[in-house]
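Using UniProt numbering, you'd call the opening residue of the sequence shown number 1 and step up by one each time.
Errors might be hidden in some of the hints.
Now the in silico label distances, taken between C-beta atoms and shown as ranges [said to hold, decoys possible]:
no. : residue 1 : residue 2 : range
1   : 52        : 129       : 17 to 27 Å
2   : 100       : 154       : 29 to 39 Å
3   : 20        : 147       : 41 to 51 Å
4   : 174       : 98        : 20 to 30 Å
5   : 176       : 154       : 48 to 58 Å
6   : 68        : 173       : 19 to 29 Å
7   : 49        : 94        : 12 to 22 Å
8   : 147       : 174       : 18 to 28 Å
9   : 166       : 56        : 24 to 34 Å
10  : 72        : 100       : 16 to 26 Å
11  : 148       : 35        : 47 to 57 Å
12  : 96        : 130       : 36 to 46 Å
Hint data in this document are derived by calculation from the structure and do not stem from the laboratory.
Backbone N, C-alpha and C define an ideal beta-carbon position, used for all residues, glycine too.
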Amino acid sequence: MAKDESSGPTAIDPGSWVPSDDYPPAALHMNAEGAVGVRIKVGEDGVPTYCAVHRSSGNADLDKAACDAVMLRAKFRPATDESGNPVQSVYSTRIVWKLEGAQTPPPETAVRVTAIIEMDGTVTHCEVDATGTLEGENDDICAKKPHYRPFVGKDGEPVRKRITLTTSVHYEDVPDAAE
1 MAKDESSGPT AIDPGSWVPS DDYPPAALHM NAEGAVGVRI KVGEDGVPTY
51 CAVHRSSGNA DLDKAACDAV MLRAKFRPAT DESGNPVQSV YSTRIVWKLE
101 GAQTPPPETA VRVTAIIEMD GTVTHCEVDA TGTLEGENDD ICAKKPHYRP
151 FVGKDGEPVR KRITLTTSVH YEDVPDAAE
């Protein structure tokens, strides 16, 4: 007669345990990424009863969020003993935090570009006045020397124009909707 075998817990849809909305804001702001090794105690009903970090990502916010998400959403087919009865068990896995497609907001900045568009559409006398960076490329703005369609006066003849482009980025706190 063949002996029955015990089995460990089986994760159910682990890809849904940690949605991107769970990325901790502080870690997101710091562009923190990493993998968190967790050990999960699984009850006889397949529900996690405890989560502990056994290998840190190096970021406390990511580590805490990994266990918080696991405790909230993880589900398992429970482990079974040799007779096929559900038993408590331990499951180990890694939660990987990766910023895919997320962009870091630009730093606070103010940039003013002033240039003259000549009658033939060429750019001359280009100057950049910046208190920060614009996409990190202030010097490139004037170096590109774009060519424009000439401006025309009321008489239909080309005229010179000075153009000024002002761009700024500023952040401010927004009160919660409840306030």
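Right, here's what the structure says about each hint:
1. 52 x 129: 17 to 27 Å: violated, 54 Å
2. 100 x 154: 29 to 39 Å: 54 Å Cβ-Cβ, so the 29 to 39 Å window is violated.
3. 20 x 147: 41 to 51 Å: holds, 43 Å
4. 174 x 98: 20 to 30 Å: holds, 28 Å
5. 176 x 154: 48 to 58 Å: holds, 54 Å
6. 68 x 173: 19 to 29 Å: Given range 19 to 29 Å: holds, Cβ gap about 25 Å.
7. 49 x 94: 12 to 22 Å: holds, 20 Å
8. 147 x 174: 18 to 28 Å: violated, 42 Å
9. 166 x 56: 24 to 34 Å: For residue 166 and residue 56 the Cβ distance comes to about 45 Å; the hint is violated.
10. 72 x 100: 16 to 26 Å: holds, 22 Å
11. 148 x 35: 47 to 57 Å: This hint holds: roughly 50 Å between Cβ atoms.
12. 96 x 130: 36 to 46 Å: holds, 38 Å
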